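Protein chains: 2
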Amino acid sequence: MTIDVALSELTPLLKRVHALGLVGELLGWDEQVMLPPGGADQRAAQHAAVAEATHAAASAARVGELLASLEARAAELTFDQRTIVRHARKDYDRATKLPADFVREKAAQGSRGYHAWAKAKAADDFASYAPVLEKNLELAQREAAYLGRGAAPYDAMLDKFDPGLTAVAVEKLFSELKRDLVPLVRAITASPVAERARAINAKLRGFPIDGQREFLREVTAALGFDYACGRIDVSLHPFCSGTGGDVRMTTRFNADAPLDALFSSIHETGHGLYEQGLAKEHLGTALGVHAGMAGHESQSRLWENQVARSRGFWRHFEPRWRATFPAQSAAFSSDELYLAVNAVEPTLIRVDADEVTYNLHIVLRFELEKKLFSGELAVRDLPAAWRAVSRELVGLEPSNDREGVLQDVHWSDGAFGYFPSYCLGNMIAAQLWYRVLELRPALEEEFARGDFSWLLGWLRENIHTQGRRYSALELVQRVTGTPLSPQPLVRYLRERYGAIYLR
Amino acid sequence: MTIDVALSELTPLLKRVHALGLVGELLGWDEQVMLPPGGADQRAAQHAAVAEATHAAASAARVGELLASLEARAAELTFDQRTIVRHARKDYDRATKLPADFVREKAAQGSRGYHAWAKAKAADDFASYAPVLEKNLELAQREAAYLGRGAAPYDAMLDKFDPGLTAVAVEKLFSELKRDLVPLVRAITASPVAERARAINAKLRGFPIDGQREFLREVTAALGFDYACGRIDVSLHPFCSGTGGDVRMTTRFNADAPLDALFSSIHETGHGLYEQGLAKEHLGTALGVHAGMAGHESQSRLWENQVARSRGFWRHFEPRWRATFPAQSAAFSSDELYLAVNAVEPTLIRVDADEVTYNLHIVLRFELEKKLFSGELAVRDLPAAWRAVSRELVGLEPSNDREGVLQDVHWSDGAFGYFPSYCLGNMIAAQLWYRVLELRPALEEEFARGDFSWLLGWLRENIHTQGRRYSALELVQRVTGTPLSPQPLVRYLRERYGAIYLR
Chain A
1 MTIDVALSEL
11 TPLLKRVHAL
21 GLVGELLGWD
31 EQVMLPPGGA
41 DQRAAQHAAV
51 AEATHAAASA
61 ARVGELLASL
71 EARAAELTFD
81 QRTIVRHARK
91 DYDRATKLPA
101 DFVREKAAQG
111 SRGYHAWAKA
121 KAADDFASYA
131 PVLEKNLELA
141 QREAAYLGRG
151 AAPYDAMLDK
161 FDPGLTAVAV
171 EKLFSELKRD
181 LVPLVRAITA
191 SPVAERARAI
201 NAKLRGFPID
211 GQREFLREVT
221 AALGFDYACG
231 RIDVSLHPFC
241 SGTGGDVRMT
251 TRFNADAPLD
261 ALFSSIHETG
271 HGLYEQGLAK
281 EHLGTALGVH
291 AGMAGHESQS
301 RLWENQVARS
311 RGFWRHFEPR
321 WRATFPAQSA
331 AFSSDELYLA
341 VNAVEPTLIR
351 VDADEVTYNL
361 HIVLRFELEK
371 KLFSGELAVR
381 DLPAAWRAVS
391 RELVGLEPSN
401 DREGVLQDVH
411 WSDGAFGYFP
421 SYCLGNMIAA
431 QLWYRVLELR
441 PALEEEFARG
451 DFSWLLGWLR
461 ENIHTQGRRY
471 SALELVQRVT
481 GTPLSPQPLV
491 RYLRERYGAI
501 YLR
Chain B
1001 MTIDVALSEL
1011 TPLLKRVHAL
1021 GLVGELLGWD
1031 EQVMLPPGGA
1041 DQRAAQHAAV
1051 AEATHAAASA
1061 ARVGELLASL
1071 EARAAELTFD
1081 QRTIVRHARK
1091 DYDRATKLPA
1101 DFVREKAAQG
1111 SRGYHAWAKA
1121 KAADDFASYA
1131 PVLEKNLELA
1141 QREAAYLGRG
1151 AAPYDAMLDK
1161 FDPGLTAVAV
1171 EKLFSELKRD
1181 LVPLVRAITA
1191 SPVAERARAI
1201 NAKLRGFPID
1211 GQREFLREVT
1221 AALGFDYACG
1231 RIDVSLHPFC
1241 SGTGGDVRMT
1251 TRFNADAPLD
1261 ALFSSIHETG
1271 HGLYEQGLAK
1281 EHLGTALGVH
1291 AGMAGHESQS
1301 RLWENQVARS
1311 RGFWRHFEPR
1321 WRATFPAQSA
1331 AFSSDELYLA
1341 VNAVEPTLIR
1351 VDADEVTYNL
1361 HIVLRFELEK
1371 KLFSGELAVR
1381 DLPAAWRAVS
1391 RELVGLEPSN
1401 DREGVLQDVH
1411 WSDGAFGYFP
1421 SYCLGNMIAA
1431 QLWYRVLELR
1441 PALEEEFARG
1451 DFSWLLGWLR
1461 ENIHTQGRRY
1471 SALELVQRVT
1481 GTPLSPQPLV
1491 RYLRERYGAI
1501 YLR
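Residue numbers (my numbering), protein chains in the order written: chain A, 1 to 503; chain B, 1001 to 1503.
Note that these hints are calculated values from the structure, not bench results. Keep in mind the model is a prediction, meaning the values are calculated, not measured. Warning: the hint list may mix true and false statements.
[Unchecked claim] Derived pair list, reagent style DSBU-like, types lysine-lysine, alpha-carbon separation capped at 30 Å:
no.	chain 1	residue 1	chain 2	residue 2
1	A	Lys-15	B	Lys-1280
2	B	Lys-1090	B	Lys-1280
3	B	Lys-1097	B	Lys-1119
4	A	Lys-280	A	Lys-15
5	A	Lys-119	B	Lys-1280
6	A	Lys-178	A	Lys-121
7	B	Lys-1371	A	Lys-15
8	B	Lys-1119	A	Lys-106
With the rest of the complex left out, here is chain A (with noise of 0.2 Å):
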């Protein structure tokens, strides 16, 4: 069989898991935007049988005879044609490797998990939970064990989110940022002009639905997405889904707390364009799919942050948020608004941080999961230990489990290893935001016109198109020309947050 022949039967094979993936995704977005509460069983079903459905197909035998043809000509396959092979060799090792049984057990486990998780959090209750985090734990190393990764079970989990990332080269980064950024948030937060962005966001009230709607759907399509290919609903957690031409984003209101709803939208703005700007031709393969999670999160970080808290960004947006909230917005001077959108203030819950403090919520979750894998320490151990590195990094100790380490959903379903990528994700929106700005220094002055063409266009060419042919790490290099460090996240805390609060 000649490598033309044979991709040419494996690309459709592979595109019909993609769209049974995407389907599976949609009755997720369904489930928590659409559903009246009586369907509730009946999705669970509908679950269920994609899953199956979506493993039948992953783990049809014909991919792996197709996978093992080209991998015997592997030598005269081309970059892209290796990139496309050696993912799907991935997912079809995953998908075979893993037994039905376990398959079963891992899921079951996951819900019980869950519901485990939030009466345990209802009721401050860690002893209920531990032996759930304990199975979930082997469940883990098994799932490592059975996918040759046995020696590095926490390597495996990363992986899973983000394809080649270790243990090793997330330490490294970390605890570099760790130095770094503690005594920052610790003079950002002694500053007089935490306490003064504290009683601005306080003051901001009463902003209309209809009036916040309107606002936060002219800021996204200016920053590019298109909504003829995406829609924004409400759900009680925002998040963004699906891709290519169809991305569905989801937000919430508060009339009392107007930015959050405009900064989520904006943060699922950057997944969403990252989406919208893969390959179209190549969704469903590797060409054509985001190159992990910690790049993802690069891009809702970048436009979050970088973009959307910049004084240029706001220079454009502030006479619009004027006329869409004249009464509301009068109260504010422009200074008070900068400030309100750059507000820090340290919390014990990680989804309530502030852009500065938020990477040490991040640190702490990472160092406590790779003990938990290492065996370093116990479950029973886990909150003590979760108080303790609290009061190191974040400054503040929690009175509870609820508030200290009951307060996040990811491990009651098994997902270790996840959440490194949304700090490495701002690392990286750092690293390419300096990148961006030795090649367009007067950048901000676009934004001040409302323009955000020529940076989209620049991350569209550099990291949307290119699909998963490089892992993150690989493409922070490539594209900046330097590995990732922490520095550059550092440098723009100081610079940014040093201007307002540390003058």
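Let chain A serve as the given structure and place chain B on it in line with the hints.
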């Protein structure tokens, strides 16, 4: 294997097929209600992938083995078990007896056919469409042959939509209906009242969409539609999809035709009440699936016509209608409103037809379909035949094929045998209605108090929860004590419309 063991293995397999079918329906709902235009290609790929997965689940060898083992002990099966096995066999045969190549060819032809029809209709060019229709007929004949119904191919078409229905049975019902209905329609449309009804309808203008939405939600909820187990949205053409705890209706709004959205919503509510009323624990087997399209249409028609065009209904809702539209409603007396609700006007276009003449549009299509399948009528002679039968039945002759043979989409994708369901549904609705009035003579008084619960309860018990235990014709016989007849429909139309038009 015991019967219980076989059934306990078979049931989840059948429910999985059903769940995948519902996923396909959701993809369709989403496509018409939510999908951004850029997502069309991806959606087509998703439809194809889900259809393939559904077919694989429906034709799984294990289903066949379990059915064979249950059929071998048919004498020991309970009535309900026989019902499940009988319909599962039919579905399994349909999934396995049609060769994959044929299914693919038919799907491709359906898509080609739709586009050819849309083009031909726009250009009023039947000649370009004739070869497609001939091909569709040929495919239908082949399908019937694969299913062992080659001697009665049109019956095989009818049976797809209404299990057990035959052309002979339909022919008998329709010829009797035609005999009585044609003169009735002539008399009504010659009445001076018909002109007045048209004039009133022409004055119903400028009803705000928000008010229409609010009013129809109140009405449909009062009839019994459970919005915790369903929703209503907007689409180009109204429809109802989903089942059980997740039933989704759509409507469309026009400020200058306020009764359209209302009555289309009530029609879809009738479908929705049926789906919400199926036995939830049996969803996915024949005990928890509707009895066929005629039965389904009987429910939508009963609520739309017998109930919502009655004086009792409007005694309750007219004050609410006036409160919702105080300015617009002031121009109409109660009698004028009632007349507008029951306007009769012959039209060439089926979907625009009133309740009385609608049936004649269906008889027309049935007569032509039957002759196409028997070979008595060639496709090339169809336009002329359409004109002749339209003149005879509807009393109007189309001046072009767009208003004639090209008006409906159904035949373009091979959906022969569907049309009769519409008219049979009207007959069943009327026959159920008179049975209901025997049991509950003062039913309209309950409507006048806004109480529709007895009627819904009766339908739940006698129709909805029966699932597929009986064919539509059997069900009518059981519930009303007499075989299905056109006479109740004729009586109902004479009584209601005679009172208005022929006094």
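Take the C-alpha atoms of Lys-1119 (chain B) and Lys-106 (chain A), compute the straight-line distance between them, and say whether it is at most 30 Å. Status violated; Cα separation ~52 Å.
CA of Lys-1097 (chain B) to CA of Lys-1119 (chain B), is that 30 Å or under? 33 Å, violated
Are the Cα positions of Lys-178 (chain A) and Lys-121 (chain A) separated by 30 Å at most? Holds. Lys-178 (chain A) to Lys-121 (chain A) sits at ~28 Å (cutoff 30 Å).
Run the distance test for Lys-1371 (chain B) versus Lys-15 (chain A): straight-line Cα separation, threshold 30 Å. 44 Å, violated
Does the structure keep Lys-280 (chain A) and Lys-15 (chain A) at a Cα separation of 30 Å or less? 12 Å, holds
Would the pair Lys-1090 (chain B) and Lys-1280 (chain B) pass a check requiring their Cα atoms to be no farther apart than 30 Å? Satisfied, since the Cα-Cα distance of roughly 22 Å is no more than 30 Å.
Given the hinted pair Lys-119 (chain A) and Lys-1280 (chain B), is their alpha-carbon gap at most 30 Å? 28 Å, holds
Holds or violated: are the alpha carbons of Lys-15 (chain A) and Lys-1280 (chain B) at most 30 Å from each other? 35 Å, violated
Checked against the numbered hints given earlier, this structure breaks hints 1, 3, 7, 8; the rest are met.
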